[in-house]
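S.K.: For the record, the sequence lines run as chains A and B. Just so you know, this note's numbering puts 77 at position 77 of the first sequence, and the rest follows in order with no gaps. Just so you know, this note's numbering puts 224 at position 224 of the second sequence, and the rest follows in order with no gaps.
Just so you know, the hints here were simulated from the structure itself, not pulled from any lab data. Some hints here could point you the wrong way.
[Said to hold, decoys possible] Distance condition first, Cα-Cα at most 27 Å in a straight line; then the derived DSSO-like pairs of lysine-lysine:
1) B/196 to A/156
2) B/91 to B/146
3) A/156 to A/133
4) A/311 to A/254
5) B/196 to A/154
6) A/85 to A/154
7) A/208 to A/154
8) B/115 to A/43
9) A/208 to A/51
Just so you know, these numbers come straight off a predicted model, no measurement behind them.
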Amino acid sequence: MAVPAGPASSNPSQPVKAAPWRDPNAKPYVQIERVTKSFGDFKAVDDISLKIYKGEIFCLLGASGCGKTTLLRMLGGFETPSSGKIYIDGEDMTDVPPYERPVNMMFQSYALFPHMTVEQNVAFGLKQDRVPKAQIQERVATMLDLVKLTDFAKRKPHQLSGGQRQRVALARSLVKRPKLLLLDEPLGALDKKLREHTQFELISIQDKLGVTFVVVTHDQEEAMTLASRIGVMNQGEIVQAGTPSEIYEFPSSKFVADFVGSVNIFEGKLIEDEPEYVRIGSEELGGTIYVSHGISAAPEATVWAAVRPEKVFMSTAPPEGSDNVVRGAVQDIAYLGDLSIYLVKLPTGKIVRVTQPNTSRHAEAITWEQQVYLSWDATSPVVVTR
Amino acid sequence: MRRTPWSQRFGLSGRGLVVLLPYLWLMLFFVVPFVIVLKISFADIDLAIPPYTSLFQWDEKNVLSIKLNLNNYVFLFTNELYFKALINSLKVALVSTLLCLLIGYPMAYGIARAKPATRNLLLLLVILPFWTSLLLRVYAWIGLLKANGVINNILMALGLIHEPLAMLYTPFAMYVGIVYSYLPFLILPLYANLEKMDWQLLEAAEDLGCRPWQAFYKITLPLSRNGILAGSMLVFIPAVGEFVIPALLGGPNALMIGRILWDEFFSNRAWPVASAVAILLLLLLVPFMMWYQGIQARESAGAR
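Same shape as in the complex, but just chain B (with noise of 0.2 Å):
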């Protein structure tokens, strides 16, 4: 007779403890965070440690009490500087979002069209960078934008200019740093649904009277609007919480949510607060998370 394995005797099949294991890491390390972070976000500030009030309070005589602060969240719709700083991220992550796009569609055409060998090598290029750290890459940036650094070192030794440039801690070194992060994350989807286009539809669509330009307009950009709208999002997302690049290449004046919530964490150790902006930030991210989802599923269903 053959011995069971250990996994049935617990009711389990294989295939179920495939899909339990992933959702057992999420519950840990997703789930339980967002939990604690919401309930800290009902809390009032407090002079201790961890520096928040706790929800829950066994008051005498077996009564429990708890308590739900929502001043954090009155305080954030109150105070101007959320809001703002908030639009304002909203703002760079479309404005970069756009940019990634004008910079990495053509990319991503030029590389689904090229010879299958150059086309594997193309791609390479384009994840190279993730074999390093952001951070280092970021700091890279610094390098290259700051006063004396090899930007500004090259055009003075070129005599296109007789002062640096002021490129560092402005919202243009700021667009930079994030359109140069994220560019991978747009041109892969956008690759990976352009490599799939017959392009002999191009030739059908220039015999019936198109011009190249023309064929492109009508028949590769809604094809391709799938990819076009799974990159973009893939971009936009993480671009609104965005904190390391407005912090180190944006300067002072970089107003993003995701420092907001970095300076009220560490700076005003205003536990309560902060985890009010995480929310709220999770919250107007959703649908846009939704839609992403939508979108990948509509893809891998093959229906356009």
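Same shape as in the complex, but just chain A (with noise of 0.2 Å):
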């Protein structure tokens, strides 16, 4: 399948971050080598290659049990691999203990220490260092002016709110300035408002103090606000990695298109395939789709296509053409505020899920049981092949 470039490189109003996984030549500064780690006969990390640049957010993105945390543990140096090789800053790492590697994590449970203040929490890692103690007291203190904890640096960590022990835990893994900072689901226990003001505070950190960030989540809504890129992990294997648009827009299997947001999948089986475009006969969609783009795939072979939600059109009046357009009755809306979502039964029985922005206040609204047509872009859908 031809990927085009994401929307984030050739987007020239972004200022041009460096996108340094573009660039072959580009030297990584986390490299995972063919890492596989077993228990017993489950294989929970299955030959996974990476590379991660400096300064980068990297989100591992996967459900529960898919070996993100694993990964994760083993560039802390509390799993050994059983195979393959960890290179941070170009040393091997493999087989180095967690008091000895340059990198620091913060664990999804926080793990502060209970009987310390929060002051002794984030300099226990200096202490054990034996930096000079002004410098120790330095260090913290512009630590927990960085965090906004400076007027609860005496307090015990069960005197705190989830809120602040999260930036705690945060402080004191920085406080070594590690090359790399492992972040176990690092804003799994707070609240969704919260949780949203703490993305941004994060990146703004990370921004400032230029660590590498290695974040495992399996919130994909994480994931995407954080990372410079994603890699979407299933079953110990990372199925694909790239940016969060990359991700969203060109999905390369079912599984991607599927785990991160919603979509609407048509199974088909390809009627015309050229260079330039291809036709999909749908039996699921009643209908055929056109794409603008070609695939490589064998003839007559089953693909599937995947429009997202907010890429189909709604109309009450036929729109033109005959391809990427369907007929179907209104069975369920969903009013989100900012958006209305609905479900739209296709007369062959199959849901398709539309998302509208509620830009005016006062719409002609389509309500339930209504016959509506659904069409798409001939750029909109994403063929995979798996």
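Hints are included, so try docking the two chains, each in its own frame, into the full complex.
M.R.: Dropping the structure here:
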């Protein structure tokens, strides 16, 4: 499949952020080479190779049990790979214990030491390294200032709120200026409002300090917001790695399309397969899908066309053309304020999900049971072969 | 109309009853005997049954005279034997507690870190000795330690020694007995404490630069402080007054306050002096017990 470059690189209005992963000569900061971790017969991580570059926020995204935490723990030194190598900043770290790695971890449970104050927690790693006392004080103070916890320095962890604990954990893991910071579900324990706020705070702190982050999360929204790149994991493998927009707009498989965001997937067969376009006949859709780019698949092969709900247009009048058009009845509507979700039932029984922004306060309402036409641009569907 | 339960007719709720019964029990079997012992400690020795004088006496003309004899206490404080025995008891209890800690901490730690299935088995093995009476277990040690006992026979058969080691009736045997008997009392509260430990804290410590033993020293040890103190008190307090083990294993030279008490009661029939010893011993141990209670309260409150 031909994957055009994602919008991030082609959009001139964005400041040109270096995308070292596109540069074949760029030196990776973290290199994971054919790493496998088995627990008995079970392969938690299965032959993963990955390059992460300096200054990145790389998100490992996947459902629980996909091996993302195991991979993170191998980076931290808490697990040893069954086979393969891990290099950090050019050095072989495969068998180096955690206390000798230039890597720090922010644990999902935060793992704050309950018998120490906030200050002592943050200073712990520096004391361990026998940093001079005056320097410890200064660095701890700077760090507490950065996470806005100066007033809470003398408190014990059980006297803090969830969000404050999360910031103590962050300060504690950053104060040693690690080459690599590992974050295990960093926002998992926070409520939604706080999570959104903290996401941006994390990005700004990372920007300020220039530390490379590897984040594990099961929350795709979190991954999208935080990540420079996302590695989508399934059953111990990285099924796709790319920028958030690449992952979203150009998923390489049904799994990725379905896992990241919501999507309508239509199974079909190639009818026409030209270099510039393909036409897919789909029984599920009860029509044909025209896609304005070529794909590489065997003729007559079963393929899947994935269309995002926000890329489906809904109208009461029939649109022009016969491709990419289908008729259905509105079965359900969910009003979310900023947008509405419509579930439209096709004559074939297939349910199509459509989202429409509520741009007007008095929109002519499409209601339940109404007959509507659904259509989409020829550039919208993504065709995947697996 | 519902019939009022009989307890309520006496102004008692069910909850009150639940609390009342144990208190009645304690009243009957702790407070009353304590008062009796206290009373005897102020009496004088007498050739009678029971062998002490009465505190209360009706003189003629309706005068009740109470005679408090403080000589027993004076005797205790002026006679070196009791002081020595007390110091020795405290020393033995302290050393035993430290030995128990040395052996018991690694065991409790090992059990707490074992897989759940193994954990239950290991705990069962710790509790198992309680299924036999203490006396039998101490007697079993006599069989193991005596001159022609199991240990000596094995060592001699192996050719490691040529004549039996004198182990029984030495301080060594006494310590073996006390440590062996009280070890579970240290392991169980310590295990209960360590079991609640968040082991991820150790990973966090290692992540921040601690070697495993440093992580243990800086994280596990301070966090298990309450468990250590509670377990130590449970060994120390009863070990101070321990009588059976020193008597059976320690030989004639094991000068323990518990033995003195026994001798005063049964050999000398000096009930008043024995009672005074008992009262003093109790007063000595009360601060430790209160400390232990404080630890327990803190532990259950969850504050660390």
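S.K.: So if I understand the rule, the pair passes when the alpha-carbon distance is 27 Å or less; does residue 196 of chain B with residue 154 of chain A pass?
M.R.: The hint holds at about 25 Å.
S.K.: Between the alpha carbons of residue 196 of chain B and residue 156 of chain A, is the straight-line distance 27 Å or under?
M.R.: holds, 19 Å
S.K.: Verify the proposed pairing of residue 208 of chain A with residue 51 of chain A, using a straight-line Cα cut of 27 Å.
M.R.: holds, 23 Å
S.K.: Take the C-alpha atoms of residue 311 of chain A and residue 254 of chain A, compute the straight-line distance between them, and say whether it is at most 27 Å.
M.R.: holds, 17 Å
S.K.: Between residue 208 of chain A and residue 154 of chain A, is the straight-line Cα distance small enough, at 27 Å or below?
M.R.: holds, 26 Å
S.K.: Hinted pair, alpha-carbon criterion (27 Å max): residue 85 of chain A, residue 154 of chain A. Please report holds or violated.
M.R.: Violated, because 42 Å separates the two Cα atoms, which is more than 27 Å.
S.K.: Does residue 133 of chain A sit within 27 Å of residue 156 of chain A, going by the straight-line distance between their CA atoms?
M.R.: It holds: about 21 Å lies between the C-alpha atoms, which stays within 27 Å.
S.K.: Would the pair residue 115 of chain B and residue 43 of chain A pass a check requiring their Cα atoms to be no farther apart than 27 Å?
M.R.: At roughly 21 Å apart (the allowed maximum being 27 Å), residue 43 of chain A and residue 115 of chain B satisfy the hint.
S.K.: Check the hint pairing residue 91 of chain B with residue 146 of chain B against an upper bound of 27 Å on the C-alpha distance.
M.R.: Answer holds: residue 91 of chain B to residue 146 of chain B is near 25 Å, not above 27 Å.
The earlier numbered hint that this structure contradicts is number 6, and it is the only one.
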